[in-house]
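Participant: Model the placement of chain B on the given structure of chain A, informed by the hints.
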Amino acid sequence: MIRKMSFAEAINLAMAREMEGDPNVCAFGVDVKDHKRTFNSGKDLVEKFGSRRYFGSPLSEAAATGIAIGAALSGLRPVHIHARADFMLLAMNQLVNMASNKRWLLAGRLKVPMVVRAIIGRSWGQGAQHSKTMHSTLAHFPGLKVALPASCQDGYSLLRSAIRDDDPVIFLEHRWLYFLNEEVDDELAVPLGQSKVVRSGTDVTIVACSWMVVEAMQAAAILFRNGVEAEVVDVRTVTPLDDPTIMTSVRKTGRVIIADYDWTFVGFSAELSARITESCFSYLKSAPVRIGLAPTPCPTTRSLEDEFYPSACDIVRAAEKILGLVEVNLAGEDFYTYQKLFKGPF
Amino acid sequence: MYTPRSRQEALAIYRKLFLCRHGEEAIIREYPSDEIRTPVHLGVGLEGIAVGVCHALPPTAKSFGQLRNHCQYLALCGHDPRALDAFFAELYGKVTGVGQGRAGSMHLAWPDGGLVSTSGIVGSTISLAVGAALAAKYRGTDEVAVAMFGDAAIEEGEFWESLNFACLHKLRVLFVCEDNDLAIHTFAHQRRGFKSIPDVMRGFDCHVFDGDGTNVLKVIGAIQTALQLQAQDPRPVFACFRWFRFLEHCGPNTDFNAGYRPKPDDAILQALDPIANYELWLARNGYDSAELRVVRDEVIAEVERSIAAAKAAPYPADLFKEVIS
Numbered sequence: 001m002i003r004k005m006s007f008a009e010a011i012n013l014a015m016a017r018e019m020e021g022d023p024n025v026c027a028f029g030v031d032v033k034d035h036k037r038t039f040n041s042g043k044d045l046v047e048k049f050g051s052r053r054y055f056g057s058p059l060s061e062a063a064a065t066g067i068a069i070g071a072a073l074s075g076l077r078p079v080h081i082h083a084r085a086d087f088m089l090l091a092m093n094q095l096v097n098m099a100s101n102k103r104w105l106l107a108g109r110l111k112v113p114m115v116v117r118a119i120i121g122r123s124w125g126q127g128a129q130h131s132k133t134m135h136s137t138l139a140h141f142p143g144l145k146v147a148l149p150a151s152c153q154d155g156y157s158l159l160r161s162a163i164r165d166d167d168p169v170i171f172l173e174h175r176w177l178y179f180l181n182e183e184v185d186d187e188l189a190v191p192l193g194q195s196k197v198v199r200s201g202t203d204v205t206i207v208a209c210s211w212m213v214v215e216a217m218q219a220a221a222i223l224f225r226n227g228v229e230a231e232v233v234d235v236r237t238v239t240p241l242d243d244p245t246i247m248t249s250v251r252k253t254g255r256v257i258i259a260d261y262d263w264t265f266v267g268f269s270a271e272l273s274a275r276i277t278e279s280c281f282s283y284l285k286s287a288p289v290r291i292g293l294a295p296t297p298c299p300t301t302r303s304l305e306d307e308f309y310p311s312a313c314d315i316v317r318a319a320e321k322i323l324g325l326v327e328v329n330l331a332g333e334d335f336y337t338y339q340k341l342f343k344g345p346f
Numbered sequence: 001m002y003t004p005r006s007r008q009e010a011l012a013i014y015r016k017l018f019l020c021r022h023g024e025e026a027i028i029r030e031y032p033s034d035e036i037r038t039p040v041h042l043g044v045g046l047e048g049i050a051v052g053v054c055h056a057l058p059p060t061a062k063s064f065g066q067l068r069n070h071c072q073y074l075a076l077c078g079h080d081p082r083a084l085d086a087f088f089a090e091l092y093g094k095v096t097g098v099g100q101g102r103a104g105s106m107h108l109a110w111p112d113g114g115l116v117s118t119s120g121i122v123g124s125t126i127s128l129a130v131g132a133a134l135a136a137k138y139r140g141t142d143e144v145a146v147a148m149f150g151d152a153a154i155e156e157g158e159f160w161e162s163l164n165f166a167c168l169h170k171l172r173v174l175f176v177c178e179d180n181d182l183a184i185h186t187f188a189h190q191r192r193g194f195k196s197i198p199d200v201m202r203g204f205d206c207h208v209f210d211g212d213g214t215n216v217l218k219v220i221g222a223i224q225t226a227l228q229l230q231a232q233d234p235r236p237v238f239a240c241f242r243w244f245r246f247l248e249h250c251g252p253n254t255d256f257n258a259g260y261r262p263k264p265d266d267a268i269l270q271a272l273d274p275i276a277n278y279e280l281w282l283a284r285n286g287y288d289s290a291e292l293r294v295v296r297d298e299v300i301a302e303v304e305r306s307i308a309a310a311k312a313a314p315y316p317a318d319l320f321k322e323v324i325s
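As you go down the protein sequences, you meet chains A and B in turn. Mapping of the first sequence onto our numbering: residues 1 to 346, in sequence order. Mapping of the second sequence onto our numbering: residues 1 to 325, in sequence order.
Excised from the complex, chain A in its bound form (with noise of 0.2 Å):
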């Protein structure tokens, strides 16, 4: 069945069906039971499973992750939810010296099918603290799958891939993409591991992730106003990576933009321009260009937050530098809309 719904909702149909199907899926978390239920993700899943399968969590982040461990090797699913991505560095002794190896240090003996979610803060002023999307340091480590969906429909079919999957996934959502309203089919099954070319196009490639692969679209379709037909790849999860699909990309258009939510310097950006260029090196027209946040932490004031955070506005001057085309004005484009659409408080 096919229905538009919110990106919260298809959160939250994804929960409700696997805690339908299967017993053993189960759900804690800070506060995710209370009034507002992680922005609406969390709906009436109290209501209908009851507080045993999905209740709220003390400040105690690292045991509570330790417990999710603890209970994915004894047979549960369990799915920890973060408010914010930050949180999970509380987490990160259990995370990357527990969780991400216990399946090949017995070589197969032991597994740990746990889900954690986390939301990536962005709203207003979320600052230096509440502004992180960890998807480069958690899939540094051999052992985590990472995904982040960037539409409705990737919020539910990953989100229930994920659950099913016998391994440790982290399940980043930005917050801005719980303003979307998308059609989501619920019998459409999404793997991990498999990028997805949203937008087919022949000039260039732009490969994004998370809500930056929002801002691609925005940028595609100024370019497309101005005779630049670009190719927008999402890239859906970083581990397992979805080599084939970048690179049949990169090769087709000779030219990538690596649009990244997360600072370029040793981040994820980094690791897909050393394999483009590794892989793709005869085919390409010009070095791989990477967008990401500016160097600093991230600042709380609206002016500076609009130079800390990349747009499509970014994306656009990239191809246009890359195509060595002049620059359109862009006088009358609407930038950060989803900045408008918030109004707090968090």
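If you're looking for bench data, these hints aren't it; they were derived computationally from the structure. Fair warning: this is a prediction, and the values are worked out from it, not measured in the lab. Backbone N, C-alpha and C fix where the C-beta goes; we use that ideal spot for every residue, glycine too. Possibly wrong hints are sitting among the right ones.
Below, a list of computed lysine-lysine pairs in the DSS-like style, where the Cα atoms sit at most 25 Å apart [what the hints assert, rightly or not]:
| # | chain 1 | residue 1 | chain 2 | residue 2 |
| --- | --- | --- | --- | --- |
| 1 | B | Lys321 | A | Lys111 |
| 2 | B | Lys137 | A | Lys48 |
| 3 | A | Lys340 | A | Lys4 |
| 4 | A | Lys48 | B | Lys170 |
| 5 | B | Lys170 | A | Lys33 |
| 6 | B | Lys137 | A | Lys111 |
| 7 | B | Lys137 | A | Lys33 |
Restraint ranges, calculated between C-beta atoms of paired labels, are given here [to be verified]:
| # | chain 1 | residue 1 | chain 2 | residue 2 | range |
| --- | --- | --- | --- | --- | --- |
| 8 | A | Arg302 | B | Asp112 | 57 to 67 Å |
| 9 | B | Ser325 | A | Glu20 | 23 to 33 Å |
| 10 | B | Asp112 | A | Gln339 | 52 to 62 Å |
| 11 | A | His35 | B | Gly120 | 41 to 51 Å |
Facilitator: Frame of chain A; chain B shown alone:
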């Protein structure tokens, strides 16, 4: 204090104690040949707690440990020849080891026998035990989860988070603290802002026990009482047992000559030795030395067979098996 219900049980306890001791002594003997190339944190002196706790556990218990895990492994699983072989093979880094050579001494596990996971980061499996207990409560079963750790683990934040969560949810966890007063070379009074571990634990909503870990029968008795109490009044148990670490923190030697602690007199060392203590009890209760020698000879034969099998086994060649993709 526990009294074994039969001669068979009394000798079974002795067998487990001696298996732990002889297993560690064999490692000490073999280590200088440089074929065991993993850091070993040996449990000479820890046998009373490891055997005592494991002997009292129901067969469905799920145990978790830290890096000083050899006695816990052998006490829980060492009677199974496959587990014994996999133990030594792992230390020798062979493909027949518990982790096919990948895990080493600090990550030993034998999930089929109840030892789910151990870890080299002090205290890091404590929350996993709480998760296992949560899973048992979730399913409505009465399985118990056991977290064994040294006294230094109590200084880690994850311990308090785990204890708090377990008490809040009334989970059937046994938190077992193996208290030897040392964190590597630093004494408790140099690390601790409180006087008594049991007193602090009594501030939490759990059952608290503490006692002498050099006496295996006292440990069995305490854990049995704890489990019965927990069955009637479901709350975590915190049990603290004192023991003496005979060897250095990591490695096969003693290190009294390093100077951070004085070497006790032989008489005191004897009194701190759980095997010697139990042999005294056996002697006073009608078990003669010939019977004990039979047990020891069997254990020695098994251990030596296991070590020979480990030495003969091949090394692993596949680094990439079980890598996520």
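Participant: All the hints need checking, so say for each whether the structure fits it.
Facilitator: Now for the hints, and whether the structure bears them out:
no.: 1; hint: Lys321/B with Lys111/A; in the structure: holds, 14 Å
no.: 2; hint: Lys137/B with Lys48/A; in the structure: holds, 20 Å
no.: 3; hint: Lys340/A with Lys4/A; in the structure: holds, 23 Å
no.: 4; hint: Lys48/A with Lys170/B; in the structure: holds, 24 Å
no.: 5; hint: Lys170/B with Lys33/A; in the structure: holds, 20 Å
no.: 6; hint: Lys137/B with Lys111/A; in the structure: holds, 20 Å
no.: 7; hint: Lys137/B with Lys33/A; in the structure: holds, 20 Å
no.: 8; hint: Arg302/A with Asp112/B: 57 to 67 Å; in the structure: holds, 59 Å
no.: 9; hint: Ser325/B with Glu20/A: 23 to 33 Å; in the structure: holds, 29 Å
no.: 10; hint: Asp112/B with Gln339/A: 52 to 62 Å; in the structure: holds, 55 Å
no.: 11; hint: His35/A with Gly120/B: 41 to 51 Å; in the structure: holds, 43 Å
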